[in-house]
Amino acid sequence: MIEIKNIQKTFGERTILSGISGKFLPGDTSLIIGGSGTGKSVLLKCMIGLVKPEEGQVLYNGRDFLTGDEDTQKAIRREMGVLFQGGALFDSKTVLENVGFPLDMLTDMGTAEKIDRAKFCLQRVGLEAAADRMPSEISGGMKKRVGIARAIVMNPKYLFCDEPNSGLDPLTSIKIDELIREITDEFKITTVVITHDMNSMMEIGEKILFLYQGKKLWEGTSSTITKSSVAELNEFIYANKLLRDTKA
Amino acid sequence: MFLARYAQNRSIFTVVLLLFVLMHHLGRYFIFLGSLFRNREKLGVYSKLVLEECVQIGINSVFIVSIVSTFIGAVTCVQTAYNLVSPLVPLSIIAVIVRDSTILELAPTITCVVLSGKVGSNIAGGLGTMRITEQIDALEVMGINSSSYLVLPKVLASMIMFPMLVILAGFLSIYGGYIAGTAADIITPEDYVSGLRSDFKPFSITFALIKSVVFAFLISTISSFKGYYTSGGALEVGQASTAAVTNSCIAVLAADFLLAQLLL
Numbered sequence: 001m002i003e004i005k006n007i008q009k010t011f012g013e014r015t016i017l018s019g020i021s022g023k024f025l026p027g028d029t030s031l032i033i034g035g036s037g038t039g040k041s042v043l044l045k046c047m048i049g050l051v052k053p054e055e056g057q058v059l060y061n062g063r064d065f066l067t068g069d070e071d072t073q074k075a076i077r078r079e080m081g082v083l084f085q086g087g088a089l090f091d092s093k094t095v096l097e098n099v100g101f102p103l104d105m106l107t108d109m110g111t112a113e114k115i116d117r118a119k120f121c122l123q124r125v126g127l128e129a130a131a132d133r134m135p136s137e138i139s140g141g142m143k144k145r146v147g148i149a150r151a152i153v154m155n156p157k158y159l160f161c162d163e164p165n166s167g168l169d170p171l172t173s174i175k176i177d178e179l180i181r182e183i184t185d186e187f188k189i190t191t192v193v194i195t196h197d198m199n200s201m202m203e204i205g206e207k208i209l210f211l212y213q214g215k216k217l218w219e220g221t222s223s224t225i226t227k228s229s230v231a232e233l234n235e236f237i238y239a240n241k242l243l244r245d246t247k248a
Numbered sequence: 001m002f003l004a005r006y007a008q009n010r011s012i013f014t015v016v017l018l019l020f021v022l023m024h025h026l027g028r029y030f031i032f033l034g035s036l037f038r039n040r041e042k043l044g045v046y047s048k049l050v051l052e053e054c055v056q057i058g059i060n061s062v063f064i065v066s067i068v069s070t071f072i073g074a075v076t077c078v079q080t081a082y083n084l085v086s087p088l089v090p091l092s093i094i095a096v097i098v099r100d101s102t103i104l105e106l107a108p109t110i111t112c113v114v115l116s117g118k119v120g121s122n123i124a125g126g127l128g129t130m131r132i133t134e135q136i137d138a139l140e141v142m143g144i145n146s147s148s149y150l151v152l153p154k155v156l157a158s159m160i161m162f163p164m165l166v167i168l169a170g171f172l173s174i175y176g177g178y179i180a181g182t183a184a185d186i187i188t189p190e191d192y193v194s195g196l197r198s199d200f201k202p203f204s205i206t207f208a209l210i211k212s213v214v215f216a217f218l219i220s221t222i223s224s225f226k227g228y229y230t231s232g233g234a235l236e237v238g239q240a241s242t243a244a245v246t247n248s249c250i251a252v253l254a255a256d257f258l259l260a261q262l263l264l
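Chains as they are written, first to last, in my numbering: chain A, 1 to 248; chain B, 1 to 264.
No lab work stands behind these hints: they were computed from the structure.
For every residue, glycine included, the Cβ atom is placed at its ideal position computed from N, Cα and C.
Treat the hints with care, as some may be off.
Here are the simulated BS3-like cross-link-like pairs (lysine-lysine), alpha carbons at most 30 Å apart as the crow flies [said to hold, decoys possible]:
| no. | chain 1 | residue 1 | chain 2 | residue 2 |
| --- | --- | --- | --- | --- |
| 1 | B | Lys201 | A | Lys93 |
| 2 | A | Lys93 | B | Lys118 |
| 3 | A | Lys93 | A | Lys114 |
| 4 | A | Lys93 | A | Lys119 |
| 5 | B | Lys42 | A | Lys114 |
| 6 | B | Lys48 | A | Lys119 |
| 7 | A | Lys23 | A | Lys93 |
Some residues of chain A that are not near chain B, with every Cβ distance over 10 Å (derived) [said to hold, decoys possible]:
| no. | residue |
| --- | --- |
| 8 | Thr10 |
| 9 | Asp91 |
| 10 | Thr94 |
| 11 | Pro170 |
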């Protein structure tokens with residue numbers, strides 16, 4: 001379980017996050033939603049240790065990630081898998097090398113074992129045929145899938161996805177969402193997804209946190225989100241004309 | 001009176017501000033250098049990376065270094081001959097001047113200025129792109145010291161390959177002078193070789209190699225520093241590359257003067 005408590009973050013005079021708290025349970029796909037510039041990505045970066053908040057705690061099964069000693073932080077990092085917005089694949093490595101990279105750096109596995117594990121993960125995301133291709137030779141959707149394969153190669157307990165659907169067509173987006181949900185269920189991972197994609201919210205949002213101007217305005221599930229009385233949330237989810245018409 | 005005092009105060013304020021900015025950047029640079037050696041990975045990880053960087057930095061620069069140094073040697077020979085008008089000065093002095101200027105200054109400094117353009121922009125551009133595409137973040141999230149993993153091999157490879165490139169440049173520059181001098185009938189091959197052999201100080205070679213190692217360190221670390229802390233997009237990556245080349249060149253020239261003062 002991941003628990004965040006009272007996260008505060010400012011950049012200069014600007015308050016980005018103000019007193020954000022929440023719990024993310026194993027086997028659940030939790031979504032953090034909100035418009036652009038509301039602090040979603042900063043919150044994710046606080047949770048994975050790329051940005052240090054001024055105040056607050058991030059607890060991984062009770063272990064404080066922000067104030068823990070170096071060994072605790074290292075141990076927690078090894079239990080994390082992160083899918084970055086653009087995939088963040090290493091340009092100089094092939095797809096297979098990218099997926100196997102955490103194994104090379106963080107484990108003492110033999111070469112054959114590492115290749116087997118990396119190939120298994122690629123197979124799991126349906127990209128075993130692209131193993132020898134370079135990141136520049138594959139599409140955006142494939143990059144995200146390779147990113148997911150790299151994120152799960154270490155058997156993580158926690159999976160973080162930063163806007164996994166950005167820049168993808170609706171069909172590919174749905175495939176990526178399904179893949180994230182399948183992996184979460186299969187490995188009982190605690191998954192946190194940052195998104196502003198309505199399809200994702202309805203498809204995989206077992207738990208949803210809505211951020212607005214750096215504050216958590218609403219928390220619920222995909223079944224309760226349409227019944228919310230929070231004006232800012234309604235404005236956000238019904239920005240789409242199709243959804244507005246459906247509601248009417 | 002008032003205007004004069006205002007101008008004086010303003011110039012003092014500007015100088016203080018500039019010093020403050022300089023100290024800020026220098027401080028960040030030294031902290032960055034410290035981070036290369038903290039929490040670094042196992043040594044085995046670096047050996048392959050250093051070899052890859054040696055190819056990227058060293059082998060891929062052989063062509064440009066060869067062309068530049070050969071022509072510089074040729075031009076030095078021709079221009080020295082043009083300036084040597086007294087019949088009392090033996091022609092072999094042309095070779096002495098080509099040799100000494102090549103070994104002491106042209107081979108190490110000009111080669112490193114050229115390399116600061118080629119290698120420096122490559123390092124800064126590569127790291128800057130990695131930063132804006134979140135590849136550096138991906139390394140950090142895995143618990144890998146990204147600065148050490150990415151930068152240390154580049155620094156080590158530069159310090160290994162730059163002296164070799166400087167030796168090659170020195171040889172080709174002197175050989176370029178020989179070809180130009182004999183082909184243009186400025187000097188006979190015998191006079192040239194005799195000039196090269198006369199009054200030779202072996203310390204010049206040591207001095208050139210010391211300079212190349214210092215320049216290699218400065219170029220690779222300054223370019224890495226500029227690239228590693230890039231933020232924004234493609235425009236900022238370009239700006240980081242430009243700043244890397246400019247700052248490296250200035251650092252090389254300043255270090256050139258300091259080393260000459262200290263060691264000669």
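Task: Ascending list of hint numbers which this structure does not respect - done: Of the numbered hints given earlier, those the structure breaks are 1, 7 and 9, listed in rising order.
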